[in-house]
Amino acid sequence: KYKAAEAGTRYIEVPTRKIKPSQTCSGCGNQAKKPLSERQHACPCGLTLSRDQNAARVILNWALESIKGRESALCGEKSFSAKHETPSIPIWVGGM
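Note that the sequence shown covers residues 1 to 96 in this note's numbering.
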């Protein structure tokens with residue numbers, strides 16, 4: 001957190017237990033439990049990626065939606081409420 005503050009950027013904690021990035025499709029949001037040995041994400045919606053790449057996209061999408069919700073709240077619009085749980089994964093959103 002302090003490194004983000006020093007750099008003048010945002011620090012966002014992603015609630016991984018809530019969004020389950022390795023089990024959620026980054027394309028459609030469908031969740032399917034997978035064994036850790038399954039390294040490919042293949043969803044009925046047609047999206048096929050490596051499991052890690054898909055999880056990274058899920059985390060990024062969540063963070064961007066969280067930011068959008070906070071900015072909407074500042075403008076007086078209805079906001080997206082992000083509940084933070086532990087453990088979580090910190091991400092860096094550069095230049096914001």
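Read the hints as simulated data drawn from the structure, not as lab findings.
Nothing here was measured: the structure is a model prediction, and the numbers come from that model.
Certain hints may be false.
Here are the simulated SDA-like cross-link-like pairs (lysine to any residue), alpha carbons at most 25 Å apart as the crow flies [what the hints assert, rightly or not]:
1) K33 - Y11
2) K33 - T9
3) K3 - R39
4) K20 - E6
5) K33 - K68
6) K20 - A7
7) K18 - A7
8) K34 - S22
9) K1 - L47
10) K20 - G8
11) K68 - S37
12) K18 - E6
13) K33 - I59
14) K34 - K68
15) K33 - T16
16) K34 - E13
17) K1 - P44
18) K33 - G8
19) K3 - L49
20) K3 - N61
21) K34 - A56
22) K20 - P35
23) K20 - K34
24) K18 - R51
25) K3 - K33
26) K33 - K1
27) K68 - R17
28) K34 - K3
We went through each hint and held it up to the structure:
1. K33 - Y11: Not OK: K33 and Y11 at ~29 Å, beyond 25 Å, violated.
2. K33 - T9: 34 Å, violated
3. K3 - R39: 32 Å, violated
4. K20 - E6: Between K20 and E6 the Cα gap is close to 30 Å, so the pair fails against 25 Å, i.e. violated.
5. K33 - K68: Since the Cα atoms of K33 and K68 sit roughly 28 Å apart, the hinted pair is violated (cutoff 25 Å).
6. K20 - A7: Distance ~29 Å between K20 and A7 Cα, so the pair is violated.
7. K18 - A7: 28 Å, violated
8. K34 - S22: 8 Å, holds
9. K1 - L47: Distance of about 34 Å is beyond 25 Å: violated.
10. K20 - G8: With a Cα-Cα distance of about 29 Å, the restraint between K20 and G8 is violated, given a limit of 25 Å.
11. K68 - S37: 35 Å, violated
12. K18 - E6: Distance of about 29 Å is beyond 25 Å: violated.
13. K33 - I59: Distance of about 17 Å is within 25 Å: holds.
14. K34 - K68: 30 Å, violated
15. K33 - T16: 14 Å, holds
16. K34 - E13: 24 Å, holds
17. K1 - P44: Violated, because 38 Å separates the two Cα atoms, which is more than 25 Å.
18. K33 - G8: 38 Å, violated
19. K3 - L49: 32 Å, violated
20. K3 - N61: 22 Å, holds
21. K34 - A56: Roughly 16 Å separates the two Cα atoms, so the pair holds.
22. K20 - P35: 13 Å, holds
23. K20 - K34: Judged against 25 Å, a Cα distance of about 11 Å means the pair holds.
24. K18 - R51: 18 Å, holds
25. K3 - K33: 34 Å, violated
26. K33 - K1: 31 Å, violated
27. K68 - R17: Holds - the C-alpha atoms of R17 and K68 are around 21 Å apart, at most 25 Å.
28. K34 - K3: 34 Å, violated
In summary, the structure is inconsistent with hints 1, 2, 3, 4, 5, 6, 7, 9, 10, 11, 12, 14, 17, 18, 19, 25, 26, 28 from the numbered list given earlier, while agreeing with the others.
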